[in-house]
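Read off the chains here:
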Amino acid sequence: MMRIGLLASIVALLLGAPLVLSGHVVGVLTTALIAVLFAMAFNLLSGRAGMLSFGHAAYFAIGGFAVIHAMQAVEKGLLWLPTPLLPLVGGVAGLIGGLCAGYFATLRSGVYFSMVTLALAELLHAIAPNLGSIFGGEVGLTTMRMPWTSFDYGNEVHVYYTVVAWVVLCIGLLYAYNQTLFGRLTVGVREAERRVSFLGYNLHHTKIIVFGVSAMFSGIAGGLLAFTTESINYSILGMGMSASVVLHTFVGGSGVFFGPAVGAFVFALFGSLVSDMTKNWLLYQGILFVGIMMFMGDGLAMLWLRIVNEFKERNWSALKLRALLLPPGLLVAAGVVTLLELTSRILDQQYAAIVSRTKAWPPVSLYGFNWNPTALATWLVPILAIGAGAGLVFLAISRAGREAAPRAALAGEHAR
Amino acid sequence: EPLKIAVIEAFSGPNAQTAIPFVEGVRYAIGKLNKEGGFNGEPIVVTEYDSLNQTAGAAEKLKAAIADGARIIIQSTNSAITAQISEDVRKYNLRNKGKEILFMMEGSEAAEFTAEKCQFWAFKTASNPFIRIKALVSAMKDTGKLGSKVYSINQNYSYGVDHEKAQALYAKEAGAQIVGSTLHDTAKIQDFSPYVAQIKASGADTILSGNWGNDIILFMRALGDAGLKVNVGNTSLDTTGALSAMGPSALGAVLVKLYNLEAGGKAGETFAEDFKAVIGHYPYNEEPTTAFGTLLLGEALKKVSQPGGKVDIKAVALALENVSYDSPAGRWSFRKEDHQLLLPVAVSEVSKEARYKVDGTDMGFKLLKIVSPEDSAVPVDPKCKMDRPS
Amino acid sequence: MTKDIIQLTDLRKRFGESEIIRGVDLGVKRGERHALIGPNGAGKSTLFHLISGLYKPSSGDIRLNGDSIAGLAPHLITRRGLSRSFQITTIFPRLSVYENLRIAAMARHGRRYALFSLASKATVINRDTDELLELVRLTQARDKFAGDLTYSEQRALEIGMAIGPGADVILLDEPMAGMSREETHYMLNLIRDITQGKTLLVVEHDMEVVFSLCDRISVLVYGEVIASGTPEEIRSNGRVQEAYLGEVPA
Amino acid sequence: MTLLSVTNLHSHYGKSHILHGMSFSLAAGEMIALLGRNGSGRSTAMKAIMGLVAPTRGSIKLDTKELAGLPSYKINRAGIAYVPEERLAFSNLTVEENLHIGVAAPRPNAKAWSLEEMYGFFPRLKERRNVKAGSISGGEQQMLTLCRSLLGQPSVILIDEPTEGLAPKIVDHLADVMRDINRQGVASILVEQKMTIALKLCSRCLIMGHGAIVFEGTPEELIATPSVRREWLEVA
Amino acid sequence: MEFIVISALNGLVYGLLLFMVSAGLTLIFGMMGIVNFAHASFYMLGAYLSFTIARISNFWLALLIAPLIVMAAGMFIERFMLRRVHGFGHSQQLLLTFGIAFVFEELVKLFWGNFPVAYRPPPLLSGPAFSLFGTNFPSYRVFVAAVAIVLLGLLYLLLQKTRIGIIVRASVQRPGMVSALGHNVPLVFLGVFGVGAWMAGLAGAVGGALLTTSPTMSGEMSVIAFVVVVVGGLGSLLGAFIASLLIGLLTSFSVGFQVSLADVAQLFGYGEQARQIGGLLTLEISSMSASLPALLMLVVLLTRPAGLMGDRN
Ligand SMILES: Nc1ncnc2c1ncn2[C@@H]1O[C@H](COP(=O)(O)OP(=O)(O)OP(=O)(O)O)[C@@H](O)[C@H]1O
Ligand SMILES: Nc1ncnc2c1ncn2[C@@H]1O[C@H](COP(=O)(O)OP(=O)(O)OP(=O)(O)O)[C@@H](O)[C@H]1O
Ligand SMILES: [Mg+2]
Ligand SMILES: [Mg+2]
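Chains as they are written, first to last, in the working numbering: chain H, 1 to 416; chain E, 1 to 390; chain V, 1 to 250; chain W, 1 to 236; chain G, 1 to 313.
Hints are computed from structural coordinates only; laboratory data are not their basis.
For clarity, every value in this text was computed on a predicted model and none was experimentally measured.
Be aware that a few hints might be false.
With a Cα cut of at most 30 Å, we get these calculated DSBU-like pairs of lysine-lysine [claimed, not checked]:
hint	chain 1	residue 1	chain 2	residue 2
1	E	Lys266	H	Lys359
2	E	Lys276	H	Lys359
3	W	Lys194	V	Lys56
4	E	Lys314	E	Lys97
5	W	Lys194	W	Lys169
6	W	Lys74	G	Lys161
7	V	Lys29	W	Lys169
8	W	Lys111	G	Lys161
9	E	Lys35	E	Lys302
When you get a sec, could you build the whole thing from the sequences and use the hints?
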């Protein structure tokens, strides 16, 4: 019940957002929502079916290109399709692409599967520039959204609502998928492939279908992106896109239905906001990812569920520990950021130029303070902050650790 | 109403280093324009946005910029992003008549922008493969650096393909013969020695290449390692770090560029020193491209500026078609038909005798020749069909 | 017609150099409970793998209901009415016991690509699943993760998964391994119940179980069937005693 | 002379408390049986001794050396070997490689076991020695893991359900091998379902119930007390 | 002839360098089961560190020290990062290394700048070793080949003459059991990971001067090293060796094949039509040479999934 309330309020927030937010923020939200859908589609394959794809950008891109071509056709009057339905074309293309690629990729499992997906995506990426008529070459393909009824689609907000509708619909469908019999079987594929085929299921066909469905929703996501930006370029096929969906999914947590959505949303916002603050944002994004993988390996959503659970169970000691860990954790983070920012300013070419010209190390400004790079305190303060924070974290954990029950060393090591 | 200009550039990601010199050129130029009185009596406001080196990111930042009130967009690196912004600007202007924005493409070399993608609201202050190779080949011929057997090696995408076409065209015009040509994957080749072996086997005495980034560095090194003595003509030998990474194997190679610091005698020196005083280093990379490009924009702004007036972008654009800026090396101006920049092109040679040494090496770019705007210009592409506002 | 439901003829399997199954001829009659016994490494599990499609035979034929199934993919064999359990438990550890069995029950109804039917609405399947749960006595553990069950519970689940698809012929590989006496007892009754009216082929080392459960026994030694017969015949067979049973337990 | 003594051992799996203060001792060269129902915690006791499940409380002493809390490899090096009920053969290694992993330097004044002796116990292993352990039969794996542990030259060996899945004839043979090993001076703790074997081999029987020792005595005493058997070993 | 000999030599040297990078990867991959996405980052780190050390002292010292620092970094990562997530399984480790690779790249950009640095062979090795058909063959290339071969020998000894190999492989599957057999599993893991990182560091120290030292070098090397490992067969050093040479030669020779599908069609008399269709049909093999490894990997995965020398399937 609480969950439904939460979902309803999220949807309400999404619907209400354009009323209060500026056009630009609405644009950011739009891209974040697309990332959300892509991550959710990806997680159907990687989280539910246990098949980690390293080339999912391919299906995202296929969807995008298909939609652009469809839009061009609509623009030229070769095709009749109401504008808001255009992303559907991406879904169809993604499905077809996914079924074809899936046929080969799912012949293998585990790391081998990942490598096949990687190789397929790399090849497509390498070939794309040579197929100018399909992929548009370096400058890509562009088109324009046509008006539809009272929506002229020149307005950010119209696009936004279309995207919200699609994303909500697709997530609903993904949720429904998990509730179907086939959805249950999908998880079985992850857990014990061999058993699945000995129960009488055609494992290969089953996997192809899962792959296809995942690619279909990825294609819709790609289509939505093309729909929003009205253009597409083959660089979208690169490793970067495939990598980012992996990051999003696992930051959020692949074990929880909404996990990937959380991850994608958080990282998309992080990218938009932090990139305006520091050019080192990619570094922070990487560190954040590593930190999450290390300290909350099953993702942000799982952490959230755990906290909620602790509240329900009135497990105050666990909550206290979390609360105790927060300030020193922030201290460490602040120290690290300060250190990296200072270093990056000093290693900057412009700064180096000033140094070589004036033969002096001028102070650098950070958080509105001037930090003198030759002063010991400048470096000592962040280092002390990191040290103190880490010490406190360690103290809190070892305190708590003594009370907690130990883990079984042989757990999960049963004969395979 | 102050004029707001947005610089959308890849401040992070793999292209960041390429982007910085462009941005510095803009900063320098705007600083200069503001010192000369700004626009409409107010200083021009410049905001920088990180495109995240993605087309989608750039599109988003463009929206942010427009929301923040920017009326002129400047962008340089990554043709894919240029294409994205150009198209977005076109559509925005279609949908928002009277609130138009102007797009300055101050670095993208791809020829499409003045061909099938040309539009009234975008101006390109960059050359293209045809302009560059035309100038390069003519200068190499004049200085005796063009042999009779040319090998052309380029990256396998539209830009590289254009280069290959241009090389074939102008080498033939100059009476040389193309003895071989290769297109290879972009930024993926680790070891170029097989290509060098291939070139050696072809018997070429001159190599023309539009490669940039690691592809030219690795290529030059493989060439040096093999001890192959041939003439080399290229467009990107001056990327930050390239000369030092290539080392002595770069000596003698010919670079074609929009500007060279040794050009223009006194005026050139003044510009170099002035730039250094403001930004901190000499503009030996792409800084002049955006500096002059933006100053050319400044000429148009001066034309329409009137204290207290409104920002009228259409007027600015129309003015831009008719103004010119005199750089130390010669006159910069736009061609009305396709908004392609007409400019003098500088051809130089990697040499230890260069006045300005680069990358902490003892090498630099010694000016060989300035090819005049008239001689470097190539015809308007028939694919350019520009919709002009009535 | 009392023709054999499983019929192996001159079945052979080699791994590289060594031939593990060396010309097995074996018939299992419809409706009987048939045990396969033999020393460790004799090839019993290998024979199961061959019949169930995990391995392809090197030569020879396997017939199920008269049709050759040699070399067919496992899922096709299951669909023809033969399913099996594994010596090493193969369940879905991070799914609940109920979900485990439901996947098995889905197979019985041929709902293999049921992309459009909600699991909660599949009443027939859910009823069958509940029946299965009861049958293997895991109703208590319905919502536990299968991986969290005790070993014997996991074995029971394993058997549940084997009977789930509703096949007529059931192959069980050492169902009693690791069970205490009373669990063995329980399991024995369980197996008896679930194979009522079906055909059972079982590998088991617990002779008490074998003798009390089975109608017929075949003895496999180093890839060859050395004897086949009723429990009494086997018990008193000198070659079997020498090769497998050792001195007859008192 | 007591070789191994376990006092008041407690252990948990996560939140569930499995061992509730178990105490017993093992004399040098002795062979004892640890009996009990399924789930009574016998395997857990073995793992706790071996350091594979952390003992939450209590002490485990080998001679005078305290083992509780040490990592397993130190416990093994102190002289305790473990043959798990799950067998845990290294399936991607060959049989011989599996055995090699177990090999340790001989202990002073103790019998040194060699690879050849192992092959002597189980000729079948020798035949299969270049085959991946993952593809050998279940029974063969059982032989393999026993030999693998023995090659570590232990003074105490913990064997968990060794006869599970073995052919009757091999069971007899295995019993002989275990007796042989014991005679050579290796003290053993045997967890076994097959009462006949346990009673035949061991000089003392311990029965576990609710995570503690509930009965201790010779096989004869156990046979003589049906009430204990009924309460702790069989369903009434 | 000339082209063949020179290309073969170049291909071999490049292949040997690939082997140095992928040996560590296959070692960690095959033995510890960790798909180490950060491996190429170790390679990059080795190059940058030795560049810096060579600048303040000399090349030879750099060659010695830089790989050791990388090894220390690798051990730190294993001990304090990978081990933490060990319990969550291999995919967690994979993801973690994925993130670490990301961070490494950004850190390198932060400290050394986002452009190639001037890391070049020392003067002693700058000249040509010999000259063939008028083309110089640089002595540095000979040196790279020699280092790779010595490394191969060392590795062979380590794995054949010690139990390390089997202990690690067993530990991956059942660390608890291996520990119960008296082996200090964490220490062994630490050591193996350290050695793997050291090899990548060495490859970087050597290869950085042969190719370029730039922030993109890890990304470029990463994919190709995975190709080597997969084509060779997971965990098989011999396989990695063969695959490296194969890929080295393949990329080297493919440059000479300016053949496209249209040319093939020509043989059947359909050349013109094919050229008219264009697209893929006119794509020359030589212009795809960098993508051939990915294609090779795909073919191997689909036809011989265990790779050339792998022992599964
Ligand atoms: N894939 C394989 N490769 C090589 N040898 C194999 C393979 N599979 C099985 N074997 C060998 O075949 C023989 C028979 O094995 P199988 O598992 O069938 O025995 P089993 O009769 O089931 O024995 P147990 O009763 O001990 O389980 C064994 O010696 C085993 O080593
Ligand atoms: N990894 C585990 N996690 C949680 N509980 C466990 C785990 N392993 C065993 N248990 C529980 O601990 C209790 C004792 O198990 P243990 O394996 O020690 O019993 P056992 O006497 O050896 O029985 P068996 O005859 O099944 O081997 C059982 O109730 C079991 O459910
Ligand atoms: Mg068996
Ligand atoms: Mg047990």
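Against the structure, the hints come out as follows:
no.	hint	result
1	E:Lys266 <-> H:Lys359	holds (28 Å)
2	E:Lys276 <-> H:Lys359	holds (15 Å)
3	W:Lys194 <-> V:Lys56	violated (37 Å)
4	E:Lys314 <-> E:Lys97	holds (10 Å)
5	W:Lys194 <-> W:Lys169	holds (14 Å)
6	W:Lys74 <-> G:Lys161	holds (24 Å)
7	V:Lys29 <-> W:Lys169	holds (28 Å)
8	W:Lys111 <-> G:Lys161	holds (27 Å)
9	E:Lys35 <-> E:Lys302	holds (13 Å)
When held up to the earlier numbered hints, the structure conflicts with hint 3 and nothing else.
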